[in-house]
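**Q** Keeping the supplied structure of chain A fixed, place chain B upon it in accordance with the hints.
Quick mapping for you: the protein sequence lines, in order, are chains A and B. Counting along the first sequence from 1, when you hit position 89 you're at 89 in the working numbering, and nothing is skipped either side. Counting along the second sequence from 1, when you hit position 62 you're at 62 in the working numbering, and nothing is skipped either side.
These aren't lab readings, by the way, just hints derived from the structure by calculation. Check each hint, because a few of them may be wrong.
Below, in silico cross-link-like pairs of lysine to any residue (SDA-like), each with a Cα-Cα straight-line distance of 20 Å or less [to be verified]:
{"#": "1", "chain 1": "A", "residue 1": "K42", "chain 2": "A", "residue 2": "A10"}
{"#": "2", "chain 1": "A", "residue 1": "K57", "chain 2": "B", "residue 2": "H103"}
{"#": "3", "chain 1": "A", "residue 1": "K59", "chain 2": "B", "residue 2": "H103"}
{"#": "4", "chain 1": "B", "residue 1": "K57", "chain 2": "A", "residue 2": "H74"}
{"#": "5", "chain 1": "A", "residue 1": "K42", "chain 2": "B", "residue 2": "K57"}
{"#": "6", "chain 1": "A", "residue 1": "K42", "chain 2": "B", "residue 2": "T5"}
Okay, the calculated beta carbon distance ranges per label pair [unchecked claim]:
{"#": "7", "chain 1": "A", "residue 1": "P110", "chain 2": "B", "residue 2": "I51", "range": "43 to 53 Å"}
{"#": "8", "chain 1": "A", "residue 1": "A10", "chain 2": "B", "residue 2": "K71", "range": "33 to 43 Å"}
{"#": "9", "chain 1": "B", "residue 1": "G16", "chain 2": "A", "residue 2": "P8", "range": "39 to 49 Å"}
{"#": "10", "chain 1": "B", "residue 1": "T20", "chain 2": "A", "residue 2": "T107", "range": "17 to 27 Å"}
{"#": "11", "chain 1": "B", "residue 1": "T5", "chain 2": "A", "residue 2": "P40", "range": "15 to 25 Å"}
Chain B stretches covered by chain A per the calculated footprint, using a threshold of three residues with CB under 8 Å from any CB of chain A [to be verified]:
{"#": "12", "region": "43 to 50"}
{"#": "13", "region": "95 to 108"}
Built from N, CA and C at the ideal position, the CB exists for glycine as well.
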Amino acid sequence: EDQVTQSPEALRLQEGESSSLNCSYTVSGLRGLFWYRQDPGKGPEFLFTLYSAGEEKEKERLKATLTKKESFLHITAPKPEDSATYLCAVGLLNAGKSTFGDGTTLTVKP
Amino acid sequence: DGGITQSPKYLFRKEGQNVTLSCEQNLNHDAMYWYRQDPGQGLRLIYYSQIVNDFQKGDIAEGYSVSREKKESFPLTVTSAQKNPTAFYLCASSTGQGNQPQHFGDGTRLSIL
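This is chain A alone, in the form it adopts within the complex (with noise of 0.2 Å):
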C-alpha cells in the first residue's frame, strides 16, 4: 500500500533557528513529489515539485530535497512567518490522484 509519513507532527522553533521537515514515502512508480503550505483556514498552496532523487528546489528561505525514500524541506533562519502547516504528496504512475501525508505544523516564535 502506497504511505506518504511526515515527521515531526509539529515543530516549533525560534527565529533564526534553522530546521529540517521529513517526508518519507513508500510507493511504486513515483511520479514527483510536492510540497505544499497551508495557512490556517485557507488551502494547500504549492510551493515545489520534485521529480528525481539528488534533485534540490529553492525557493527564499526553503529548499526541498529528494532522495529514493524521503524528501526533506529544510528552512533556513526561518521567520514567524513562515509558520504554517507544510504537507507533501506523492504522485504515481497510472494513478489519477496524489496521495498526501498528515502534514507537519510549524511554528516560529520571534
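**A** Coordinates of chain B only, in the frame set by chain A:
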C-alpha cells in the same frame, strides 16, 4: 487570474438535510478532487474525476455524492447519510498527470446546526 473558486465559505446544515458545495475552476484542468480535512488532520480524498461525466470514489466516499457535467465544475453533495459532516472541505484541480501538482481552492467550512 486563473484559479479555483469554492462557495460558500461557511455553510450550516440542519439534521437530515442535504447540502451542496460548489467548486469551479478556470485553469482548463481535466482532473478535479474533493478532500475533507478535520482539525489537526491531513487531507482525506472523498471523490475525484479525471474527465467529464466520470468520477471515482476516494477513501471516504460514504455519505457523499458528486457530479461532473462540465469540465469547469465539480459540485459535492453532503447527504443526510453522512453522520459526521462537520469539517473543512477542499476542492482541487490538476492536469491529471501524476507528475503535476494540484491547485486548491480556499475551502468551505461546514457545520451542523
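**Q** Now tell me, hint by hint, if it's right for this structure.
**A** Checked hints:
A distance of roughly 18 Å separates the Cα atoms of K42/A and A10/A; the hinted pair therefore holds under the 20 Å criterion. The suggested pairing of K57/A with H103/B holds, with an alpha-carbon distance near 19 Å, which does not exceed 20 Å. The hinted pair formed by K59/A and H103/B meets the criterion: a straight-line CA distance of about 18 Å does not exceed 20 Å. With a C-alpha separation of about 35 Å, the suggested pairing of K57/B with H74/A is violated against the 20 Å cut-off.
The hinted pair formed by K42/A and K57/B fails the criterion: a straight-line CA distance of about 24 Å is larger than 20 Å. A threshold of 20 Å between alpha carbons decides the hint, and for K42/A with T5/B the separation of about 12 Å falls inside it, so the pair holds. The hinted range of 43 to 53 Å is satisfied by P110/A and I51/B, whose Cβ atoms lie roughly 48 Å apart. In this structure the supplied range 33 to 43 Å holds for A10/A paired with K71/B, their Cβ-Cβ distance being about 39 Å.
The hinted range of 39 to 49 Å is satisfied by G16/B and P8/A, whose Cβ atoms lie roughly 41 Å apart. At about 36 Å, the CB distance of T20/B to T107/A disagrees with the hint of 17 to 27 Å. Evaluation of the 15 to 25 Å hint for T5/B and P40/A yields a pass: the beta carbon distance comes to about 20 Å. With 4 residues carrying a beta carbon less than 8 Å from a beta carbon of chain A, the region 43 to 50 of chain B meets the three-residue requirement, and the given coverage holds.
Here's how the region 95 to 108 of chain B fares: 12 of its residues keep a CB closer than 8 Å to some CB of chain A, so the rule of at least three is met and the hint holds.
Going down the numbered hints, you'll see the structure goes against 4, 5, 10, while the others check out.
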